[in-house]
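J.: If you want the building blocks of each chain, they are given just below.
Number of protein chains: 2
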Amino acid sequence: MSQRLTIALDAMGGDHAPDMVIAGADIARERHPDVQFLLYGDAARVEPLVAKRAALKSVSEVIHTDDAVAADAKPSVALRAGRRSSMRLAIDAVAEGRAACVVSAGNTGALMAMAKFVLKTLPGVDRPAMASFFPTLRGESVMLDLGANTECTAENLVQFALMGSIFARTVLGLTEPTVGLLNIGSEDVKGNETVRGAATRLKEMPFPGRFYGFVEGNDIATGTTDVIVTDGFTGNVALKTAEGTAKLYTEFLRRTFQSSLTAKIGYLLARPAFQKLKARTDPRRYNGAMFLGLRGVCVKSHGGTDALGFANAIGVAANLATNGFNEKIKEEMQRLASANPIPDTKAAAV
Amino acid sequence: MSQRLTIALDAMGGDHAPDMVIAGADIARERHPDVQFLLYGDAARVEPLVAKRAALKSVSEVIHTDDAVAADAKPSVALRAGRRSSMRLAIDAVAEGRAACVVSAGNTGALMAMAKFVLKTLPGVDRPAMASFFPTLRGESVMLDLGANTECTAENLVQFALMGSIFARTVLGLTEPTVGLLNIGSEDVKGNETVRGAATRLKEMPFPGRFYGFVEGNDIATGTTDVIVTDGFTGNVALKTAEGTAKLYTEFLRRTFQSSLTAKIGYLLARPAFQKLKARTDPRRYNGAMFLGLRGVCVKSHGGTDALGFANAIGVAANLATNGFNEKIKEEMQRLASANPIPDTKAAAV
Numbered sequence: 001m002s003q004r005l006t007i008a009l010d011a012m013g014g015d016h017a018p019d020m021v022i023a024g025a026d027i028a029r030e031r032h033p034d035v036q037f038l039l040y041g042d043a044a045r046v047e048p049l050v051a052k053r054a055a056l057k058s059v060s061e062v063i064h065t066d067d068a069v070a071a072d073a074k075p076s077v078a079l080r081a082g083r084r085s086s087m088r089l090a091i092d093a094v095a096e097g098r099a100a101c102v103v104s105a106g107n108t109g110a111l112m113a114m115a116k117f118v119l120k121t122l123p124g125v126d127r128p129a130m131a132s133f134f135p136t137l138r139g140e141s142v143m144l145d146l147g148a149n150t151e152c153t154a155e156n157l158v159q160f161a162l163m164g165s166i167f168a169r170t171v172l173g174l175t176e177p178t179v180g181l182l183n184i185g186s187e188d189v190k191g192n193e194t195v196r197g198a199a200t201r202l203k204e205m206p207f208p209g210r211f212y213g214f215v216e217g218n219d220i221a222t223g224t225t226d227v228i229v230t231d232g233f234t235g236n237v238a239l240k241t242a243e244g245t246a247k248l249y250t251e252f253l254r255r256t257f258q259s260s261l262t263a264k265i266g267y268l269l270a271r272p273a274f275q276k277l278k279a280r281t282d283p284r285r286y287n288g289a290m291f292l293g294l295r296g297v298c299v300k301s302h303g304g305t306d307a308l309g310f311a312n313a314i315g316v317a318a319n320l321a322t323n324g325f326n327e328k329i330k331e332e333m334q335r336l337a338s339a340n341p342i343p344d345t346k347a348a349a350v
Numbered sequence: 001m002s003q004r005l006t007i008a009l010d011a012m013g014g015d016h017a018p019d020m021v022i023a024g025a026d027i028a029r030e031r032h033p034d035v036q037f038l039l040y041g042d043a044a045r046v047e048p049l050v051a052k053r054a055a056l057k058s059v060s061e062v063i064h065t066d067d068a069v070a071a072d073a074k075p076s077v078a079l080r081a082g083r084r085s086s087m088r089l090a091i092d093a094v095a096e097g098r099a100a101c102v103v104s105a106g107n108t109g110a111l112m113a114m115a116k117f118v119l120k121t122l123p124g125v126d127r128p129a130m131a132s133f134f135p136t137l138r139g140e141s142v143m144l145d146l147g148a149n150t151e152c153t154a155e156n157l158v159q160f161a162l163m164g165s166i167f168a169r170t171v172l173g174l175t176e177p178t179v180g181l182l183n184i185g186s187e188d189v190k191g192n193e194t195v196r197g198a199a200t201r202l203k204e205m206p207f208p209g210r211f212y213g214f215v216e217g218n219d220i221a222t223g224t225t226d227v228i229v230t231d232g233f234t235g236n237v238a239l240k241t242a243e244g245t246a247k248l249y250t251e252f253l254r255r256t257f258q259s260s261l262t263a264k265i266g267y268l269l270a271r272p273a274f275q276k277l278k279a280r281t282d283p284r285r286y287n288g289a290m291f292l293g294l295r296g297v298c299v300k301s302h303g304g305t306d307a308l309g310f311a312n313a314i315g316v317a318a319n320l321a322t323n324g325f326n327e328k329i330k331e332e333m334q335r336l337a338s339a340n341p342i343p344d345t346k347a348a349a350v
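Keeping their order, the protein sequence lines are chains A and B.
Each residue of the first sequence is one higher than the one before, starting from 1 at the first, in our numbering.
Each residue of the second sequence is one higher than the one before, starting from 1 at the first, in our numbering.
Bear in mind the hints are in silico, worked out from the structure with no lab data behind them.
One or more hints might be untrue.
Just so you know, same-sequence chains aren't split out, so a pair can sit in one copy or run between any two.
[To be verified] In silico lysine-lysine, DSS-like type, Cα no more than 27 Å apart, as pairs:
hint : residue 1 : residue 2
1    : 74        : 203
2    : 278       : 74
3    : 190       : 116
4    : 74        : 190
5    : 278       : 328
6    : 278       : 330
The structure presented is a predicted model; accordingly, all values stated were derived computationally and were not measured.
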């Protein structure tokens, strides 16, 4: 077992847990033959699901707990009262070195609060951020923050830009990733003081990658930059607006193909091509938001996802854990702190 | 001429001005037989374009000016130095009662600054907001602010909600419009103090319409509420993210139909249906952002639009000018100020 990558799963998190979690783990096991699982949750429900899957059973350990974080629990309450919850125990496994990463489809706010409290932030990082992939005309981009930090300072945005760039280098394998700051215009005078302040800093500092400047909402889908940086409020609205628009177009498309007999026949002919398109834009493909900036890998799956989506989230976590992303962030933050001390933030003291 | 609705046009604003403006005016004239135009701009360029169109010529007056606001001019500079610009003279025509409304495809920031300075805000309105229509699964929604106010207070959002609701009543003809406040979750504890403060106020006040509570980015396309209220930064990002995603899907669709011979044949069969879809989701159909809250009707067209898009923006302005939207806002604000004085804002003093 020593060569294997151990992944801690919150078996009770998500709308369709624990079934979806266990089925997802089984798909992930097929895709990543070197993984093994610590499954935290109600053993009476989890064990029968694992028992049905012999290959999964051979690489899994079920750790029983009665407690689970409710989907609507306040993060502060979950943090205080959920010390024996499946979510918390799975995070603890990472903190205590028993697992390389943790995946949960449970309450986002609670997961963020617990992960931050238990794992702590990396040196030079004041606040962790949620990041995820977006489909673009050019391929894929990564955007952060998607909702962990409702209000951000210029310094927070600078740190997100650094983490995003290092992510693009280590995980996406880009040598010179471009990073854009989301704004409502590309000119220097646009936006609020926070984004303008962050842009000024990013232009002056020795940036690992290339700071592109301001980008706008439409640049997300165009793929103008490899990384898009924004505060958690704007990022969350942009993410969900994009998802909503994608659904709207899918529905318009469905109605269009249903609108006449010739259109229906047209669909039958174009169907194989549309199935490829569907696979490409499948939201499950982009499942797995990463909490960047913590001393440990924590990935949040959509609460409503199915086994396939959850398996993708596990894949994201395994990828982050194996390519040494956190070590790279640590190195880069130290390099920056010594090259360019930041007098006005905690980061400078590290 | 006295029964006609006079519309002032900035003939020099927009990437393809003045040609697109004059061609757009001609389309609008056909659609709205009761309109007449005041065309502000370089007579040497505008008059030949008008002369070619006899019907348009008979309902147009060209007012010459050498000056035009540059597309990249800073709003403050345009406001100071652009007193003889085509944009400013067109706005002046509304302020001086010579026109019922003004339409420009020029510099957004300059138009907003000039319109606010010249027309002033309505009683009870601290800041005007930019509003526009969005296609949804249910039909159309209206969203504001789309970029006029980068930073907003809770009171600003409350006023936007009121204006949006009155807009939905008078322009869309809805008797009980629903209004949602854009946030990153639907629970009361979500978001920042500004949106939470606005929600508290909107729940307590005698609201004209129905305050739905918080909505999320995906609710825009779903059409969960008739009106969506947000600050100008978030609204602008959401608008452009939706536009970008729509373009991405259109491109994916094009590639899909091109990807094989049978898919191409499928497209030929489904083509009439797709042309209907294209017409429905044509961005020109949604052209014409309205500045709500001013003592005069001012509509901003996309800078890059064509004649058809500009004609739609003229239609939006004509609609706002004829249905007494501003009078309704004034009435409603007075009613609210007397029913429920707001001690902490200027609005209370009106």
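J.: Hints first: check each against the structure and report whether it holds.
T.: Evaluation of the provided hints:
In this homomeric assembly, residue 74 and residue 203 come within 27 Å of each other (Cα to Cα) only across copies, at 22 Å, whereas the closest approach inside a single copy is 39 Å. In the homo-oligomer, the alpha carbons of residue 278 and residue 74 never lie at most 27 Å apart, since the shortest distance is 36 Å inside one protomer and 44 Å across protomers. Only between protomers do residue 190 and residue 116 lie at most 27 Å apart by alpha-carbon distance; the minimum there is 19 Å, versus 33 Å within a single protomer. In the homo-oligomer, the alpha carbons of residue 74 and residue 190 lie at most 27 Å apart only across protomers (10 Å), although the nearest pairing inside one protomer, at 36 Å, exceeds that limit.
For the homomeric pair residue 278 and residue 328, neither the shortest alpha-carbon distance inside one copy (35 Å) nor that between copies (47 Å) is at most 27 Å. For a Cα distance limit of 27 Å, the shortest separation of residue 278 from residue 330 qualifies neither inside one copy, at 38 Å, nor across copies, at 50 Å.
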